[in-house]
Amino acid sequence: MKRLRKQLKKVNPFTSANVMSKNVIKEQMSHAPGHVVYTGSKEIKDVLIDVFDYNATFVEEETVHEFSSYTKDTDEKTVTWVNVNGLSDTQALTDISHKYDLHPLVMEDVANTSQRPKLDEYPDHLFIVFKMLYHDIDGKLNTEHISLILGKSYVLLMQEYDGDVFDGIRDRIRLSKGRVRTTGADYLMYALMDAVIDHYFIIIETLSDKIEDLEERIYTNPSENYSQEIQQLKKEVIQVRRSIFPLREVVNKLEKVDNHLILKKTQVFVRDLYDHTIQVIETVEVYRDTIAGLMDMNSTNIANRMNEVMKVLTIIATIFIPMTFLAGIYGMNFEHIPELQMQNGYYYFWGAMVFIFIGSIIYFKRKKWL
Amino acid sequence: MKRLRKQLKKVNPFTSANVMSKNVIKEQMSHAPGHVVYTGSKEIKDVLIDVFDYNATFVEEETVHEFSSYTKDTDEKTVTWVNVNGLSDTQALTDISHKYDLHPLVMEDVANTSQRPKLDEYPDHLFIVFKMLYHDIDGKLNTEHISLILGKSYVLLMQEYDGDVFDGIRDRIRLSKGRVRTTGADYLMYALMDAVIDHYFIIIETLSDKIEDLEERIYTNPSENYSQEIQQLKKEVIQVRRSIFPLREVVNKLEKVDNHLILKKTQVFVRDLYDHTIQVIETVEVYRDTIAGLMDMNSTNIANRMNEVMKVLTIIATIFIPMTFLAGIYGMNFEHIPELQMQNGYYYFWGAMVFIFIGSIIYFKRKKWL
Amino acid sequence: MKRLRKQLKKVNPFTSANVMSKNVIKEQMSHAPGHVVYTGSKEIKDVLIDVFDYNATFVEEETVHEFSSYTKDTDEKTVTWVNVNGLSDTQALTDISHKYDLHPLVMEDVANTSQRPKLDEYPDHLFIVFKMLYHDIDGKLNTEHISLILGKSYVLLMQEYDGDVFDGIRDRIRLSKGRVRTTGADYLMYALMDAVIDHYFIIIETLSDKIEDLEERIYTNPSENYSQEIQQLKKEVIQVRRSIFPLREVVNKLEKVDNHLILKKTQVFVRDLYDHTIQVIETVEVYRDTIAGLMDMNSTNIANRMNEVMKVLTIIATIFIPMTFLAGIYGMNFEHIPELQMQNGYYYFWGAMVFIFIGSIIYFKRKKWL
Amino acid sequence: MKRLRKQLKKVNPFTSANVMSKNVIKEQMSHAPGHVVYTGSKEIKDVLIDVFDYNATFVEEETVHEFSSYTKDTDEKTVTWVNVNGLSDTQALTDISHKYDLHPLVMEDVANTSQRPKLDEYPDHLFIVFKMLYHDIDGKLNTEHISLILGKSYVLLMQEYDGDVFDGIRDRIRLSKGRVRTTGADYLMYALMDAVIDHYFIIIETLSDKIEDLEERIYTNPSENYSQEIQQLKKEVIQVRRSIFPLREVVNKLEKVDNHLILKKTQVFVRDLYDHTIQVIETVEVYRDTIAGLMDMNSTNIANRMNEVMKVLTIIATIFIPMTFLAGIYGMNFEHIPELQMQNGYYYFWGAMVFIFIGSIIYFKRKKWL
Amino acid sequence: MKRLRKQLKKVNPFTSANVMSKNVIKEQMSHAPGHVVYTGSKEIKDVLIDVFDYNATFVEEETVHEFSSYTKDTDEKTVTWVNVNGLSDTQALTDISHKYDLHPLVMEDVANTSQRPKLDEYPDHLFIVFKMLYHDIDGKLNTEHISLILGKSYVLLMQEYDGDVFDGIRDRIRLSKGRVRTTGADYLMYALMDAVIDHYFIIIETLSDKIEDLEERIYTNPSENYSQEIQQLKKEVIQVRRSIFPLREVVNKLEKVDNHLILKKTQVFVRDLYDHTIQVIETVEVYRDTIAGLMDMNSTNIANRMNEVMKVLTIIATIFIPMTFLAGIYGMNFEHIPELQMQNGYYYFWGAMVFIFIGSIIYFKRKKWL
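Residue numbers (the working numbering), protein chains in the order written: chain A, -11 to 358; chain B, -11 to 358; chain C, -11 to 358; chain D, -11 to 358; chain E, -11 to 358.
Here chain A stands alone, though its shape is the one from the complex (with noise of 0.2 Å):
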């Protein structure tokens, strides 16, 4: 019990990720806003910076460690993709707002992991928060903060672990595949989300098999009481829920954004994230009741059998307790009881008792109380 409680705790969807500790709060209260402060848990010693910068007849990848050491220009004729991977290095935050030249409050939010998925709109650049949930090795779902800052000609993408799921994107800038050397920052942008976006399909895929094992599981076995298992994947779905919805309403506003950094043709590619989107959050919502139905399902199986048990033992009580007043009868000091002297009386009184002990049975079998 004191195992799977500790497990749960892990996934606890309001405690993990989403309210920051009272100690960074009580940091951060003591700055005035602006002031970067890193609310996660994972502290990376050596925060790695890769950069991409390409055209459609062009393109150079590095890695630097410290940012400060990256001193090419922000060229408009080259998009640059800025990817760095943790956020504990503050420093490395506070150089790259100077750099792009961010509001004060960005790198704020780029830090603080407890932010929710959210779109921000400023002259320059437009900044865009969501999650990454993936499952760790324990099958356990983690939910990653990943910022996005997209500019004229230049993506910052800003997460707060190592490893993603851009390798694609990655491939198809080395190889010049698809659109994206021959589109702007506006189109890796998109590419970007939609990657994450596809990987949560995968997922709520995870999720899926989950549910459906549990649900063949209940019907095939039923005398089971599965409600904590059932309590778990709730709060899976719960956190997955959390982390996508804001997403909705992100997306939304991307595709109505009426600003110079996304062009119209990228437009239409912003609908088609929004489509995904939705379909997305609507599964979730299905798993939602789904699950709902399968607690209904559990806690009627429980009711059901708790109740099956019940009846057979009363009906065996109901069976003998007439019987044993037969007997108490027959054990009666009464000077004169004329079955006592019958010869076969004892024989009697047993074929009586087995004949109400067969016919009661017969009787409830009859009624269908058996």
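Take every hint as true, because none was put in to throw you off.
DSSO-like, lysine-lysine: derived pairs with alpha carbons at most 27 Å apart:
#: 1; chain 1: C; residue 1: Lys356; chain 2: B; residue 2: Lys355
#: 2; chain 1: C; residue 1: Lys198; chain 2: D; residue 2: Lys223
#: 3; chain 1: E; residue 1: Lys87; chain 2: D; residue 2: Lys252
#: 4; chain 1: D; residue 1: Lys198; chain 2: D; residue 2: Lys222
#: 5; chain 1: D; residue 1: Lys299; chain 2: C; residue 2: Lys355
#: 6; chain 1: D; residue 1: Lys299; chain 2: C; residue 2: Lys353
#: 7; chain 1: C; residue 1: Lys223; chain 2: C; residue 2: Lys30
#: 8; chain 1: D; residue 1: Lys223; chain 2: C; residue 2: Lys223
#: 9; chain 1: A; residue 1: Lys299; chain 2: D; residue 2: Lys355
#: 10; chain 1: C; residue 1: Lys253; chain 2: D; residue 2: Lys140
#: 11; chain 1: D; residue 1: Lys106; chain 2: D; residue 2: Lys241
#: 12; chain 1: B; residue 1: Lys244; chain 2: A; residue 2: Lys253
#: 13; chain 1: E; residue 1: Lys356; chain 2: A; residue 2: Lys353
#: 14; chain 1: D; residue 1: Lys353; chain 2: D; residue 2: Lys299
#: 15; chain 1: D; residue 1: Lys253; chain 2: E; residue 2: Lys241
#: 16; chain 1: C; residue 1: Lys106; chain 2: B; residue 2: Lys252
#: 17; chain 1: B; residue 1: Lys241; chain 2: C; residue 2: Lys241
#: 18; chain 1: A; residue 1: Lys223; chain 2: E; residue 2: Lys222
#: 19; chain 1: B; residue 1: Lys299; chain 2: C; residue 2: Lys299
#: 20; chain 1: E; residue 1: Lys140; chain 2: D; residue 2: Lys252
#: 21; chain 1: A; residue 1: Lys30; chain 2: A; residue 2: Lys128
#: 22; chain 1: B; residue 1: Lys198; chain 2: C; residue 2: Lys30
#: 23; chain 1: A; residue 1: Lys140; chain 2: A; residue 2: Lys65
#: 24; chain 1: D; residue 1: Lys241; chain 2: C; residue 2: Lys241
Cβ pair distances, simulated, as ranges:
#: 25; chain 1: D; residue 1: Asp284; chain 2: C; residue 2: Asp246; range: 49 to 57 Å
#: 26; chain 1: D; residue 1: Gln255; chain 2: E; residue 2: Arg236; range: 18 to 26 Å
#: 27; chain 1: B; residue 1: Asn209; chain 2: D; residue 2: Asp284; range: 28 to 36 Å
Derived from the structure by calculation, the hints contain no laboratory data. We put the beta carbon where it would ideally sit given N, CA and C, even for glycine.
Chain A is already provided as a structure; the job is to place chains B, C, D and E on it using the hints.
Okay, now just chains B, C, D and E, sitting in the frame of chain A:
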């Protein structure tokens, strides 16, 4: 049980058609957006393409096996209806896409059978996705993914499976019945969607029959447990609801679309379409309520039955326990128990027992406990 | 039970009037849109058409059997009220449609009794569909499909059955009471709708009586099970709700309609209509809540009763089981049981039994278990 | 029970004041719209009409028995407040309607006590309907229908009953306290509505007292069944809610009304009115939740209690049944039962019984079953 | 129980702070609108007023006991922050109102502690009401009524109690840290509200700790009944929700306000404020769901436990009743019962009993009834 479970699985509303399988997702993720991948399960070897070309005075009907062999020009003087039966020939879809100059994302959604109903506006064409519902031979409910593209003088209709509900329209075109030959492509689109929505009425009528049949049985034979049948009907209703519900928004958008593709005089018909859609949705909502009511009634019946059984059993025990006590009294070995010496004591005792038994029964009957 | 079930079926809210039968649908599907098919169940042989023609100084009343025989011109100087009693004569409907130059879809909806209440605006006329509710002789609730078409100087009213609530208006026209003779067709439309909505108050008053009567009985005789009566009342309320609810939108649209057909001074009356509609709807909503409350109360009563019975029975058993044990003690055959040799042992034993019995009763009463 | 039921009926929220009686409806239906019929139940023989006429420097107060005898001209230089106490004198209402040139439908709604709160704009006047709530001597909650008509320089206030909450305002007019004498009719309207809404706070405070008292009792004496009291409180809260809820929309409309009748500087006060209305409504909503919570707590208490009783009784039976079995053992008539010949066998038996009894009790206590 | 009840009462969410006491209402009703009455319960004798006056180069700090003694002119060159600690000195409030030329209704709301959070726009100032939440020494949650008035160059902050969360801001002003000294009054307003919302995170963190602790205990020790603790936590969450929820609208309005008082560059910060508010509200909503889940789990646990107990007890009875019957058999006095004459009959009987007992236990275990 196992068999039932399998059957249930087939209509599982969130796995059958609406969530892409993991493999497909993975395959798709390795491609850039806009790449056409068929996500359904029905591979049709020979995808037939029916083409109607007509105006008020002229009609031509042709069936081609490969779209590349269809070389007729798109001509604004006639309405062209291209009907693709099967989505597994992605090459044909790509060819069509090029011939009619469609946006690259359109064909991705045409082939993606998990795409929910939607309406996308493009400068030169409208793209509509909806779902056909039909019962197969086993009475199982199937969903078919249908895409419709409306251009200036053409309608492209892409269906997942062979066979459809449009034969009436084909006859009307051939025989020049009704308005269809004298109006444009927009009216053809309306006629096609109208046929689909009319077919929904048959689907919900079948559902209605099933629900009424179940209701009848619950009323006439309340001692059975119908929960699994109810659960299955509920899943079916949910599946219908998920296919039809988004159509409300689609038709609503279609009614309000400000586009030269839909003529003013056709808009009145679209409004009629909207009315019918609402009517279908409302009926489905009523079914949901009805099924919830059946569920309540079923569990009330089961609980009542259980209570009745327990009550009767408890009453039997309650009558016999005091009688057993009295029998125990006269089984005691006190040296001086006057009743035991009475000549007819035993008969008096039996008299008292019968009196108590009948008296209790009458008392319980009068108190309506029995 | 069987009889009740039949009765319930009659008021089944989703089969009686709102869903077309499969045959009708199939018939309709084989026709092009705009084809007039009567979908109700009441075939009236001789469809009578009443025509009123009036202005401030003049009134003429006529009944025609075939509309084709009514050849008077539509004249803007008088208001014409054409009242069709019965929808099975589709020829008459088509004739009217041609004479008043109505849109082809209008007559389809007039004859389609499953059409929900709605308001459609056409350039030359307004088309309103609503439902009349009335109790027939058996107290059964029936729905009548009514269509109203408002033109510049005419009102066409098509009713499904004979008999209506408009006799008051007919008298006012004949005797020139109130405003109706001095105002236009729009005021006549208002007066007709007002009469229908006023009649709703009688319907809901009857419902209120039934609910109060049931409530009274549940309070005074809580030991009965009223769940089927409640269920039936609930169905009736749902039927009323489904007929009236869409009217809110209709009247709201009518209030906001920007159309030369409705004069400014009539709009104030339409606002009044809206007030009454809201009032009816709110009352029906209260009824829904009340019925839900009755249902709760009923099941609480049943559960309480069951609990009471079980408690009393258990208490009887609980008292007698220890007493039986004691009787068993003195039925034992130990060689040396001192109490058995006592002169009055048997009487002492009875004394102890009575003491235990009365003591237990007092104890349970004091603990409020009895 | 009967008495309680009667009392409940009095506050029945959907019959007392909000639905017109059938007779009244029928009477009204036989008249044309605009006909004034009093639908309440309180016939007041002598309807008194109080008239205040004031401006910054002048104040005159008059009470008239028949409005026709009040012949003073409506004068824009003074504010006139006409207060009608009782609605049964429909002649007076009609006279007022003519003198102030009101729309014919206004007086119909003034006399129709089942009219829900609303605001109607007319070119020359605003028409507001709201409900006064007060507790009568028996603590019963009553609803009073109040209509207010705001003109350029007059306020007409029509109340259903004698006695009101406006004495403070009368004093302020007489003594020229506050702003009322120096401002126009619009401020008077605000002051009157403010007095009504302030009175709502007293009503909900009384409700709060009742709820808290009940809550206290449920906590301190959880073994009682409070469901009927809770049900009654719930009905009272629903009644209050129905009277106040539509006022939100009324005041909101009043705040946004674009009308020369309400001066800019009065609009700030109307906003304040809106705040207070929201506050009342929110408090009532909290009460609803609290009552739902009480209901839950009450039924949990009852179930717990029942469970406790059943558990204790079952435990008694469970202890004594094995003991009775053992007594039965030594009541058997086997020829050779060694224990029976033991000198102290009987005492050993008793020892065993006491041991089993006490042991079971300790065991059950330790397992927290007792 | 009594003590617990008292404690509960203290945090009663609808009586403690949000509904004015009847006396206060009555007092207020006897006054004209705009009269300032303190409706809270904390009388502070010596209301201290702290005044900050600063710009980029200059800062002055002063504490006055009577506002009338503060005679400095309001000067647009410096930002003035007037902080009133305590609302019981209504004279001071009136003085401030006159000096800053506030609308008469503003001070009424400042002193009315039951006023819900809101934002009112006036031509020269914005008036914001919100609630501070803090835990007192006993861990009880208290609500403090705070009003903030933003003018061109001043911020008036009126708090109900001493002590606040603004010391960080005071330090930043004194030491010229962050932006506050170089920006206007609008940024000061933002900083103050930000401090309050940051403090909400600590409050909800404490709530989170309590909920997690309770959850832990329900999991590890499911046999307890936690319903009262859960109920209390629920009330606390509701109290927090009621204080924070209306703030969403306030900050949203603040973001959209079109007013010269809030500079463009401050609006970005207000948007950040909105993000945080949403985050707090969403977390509180999750808590509500979690508590509902705990409640379910708690009652399921209790029901399961009860069922387990009943099952075990019933099983004991069920085993012993047939055994008692058999003992009764051999206690009968038939003249000829062969078993009784057997030498080891008694031992065989015991053997049978032990066999039945153990057999039943094994049977029940195998059927998972035990």
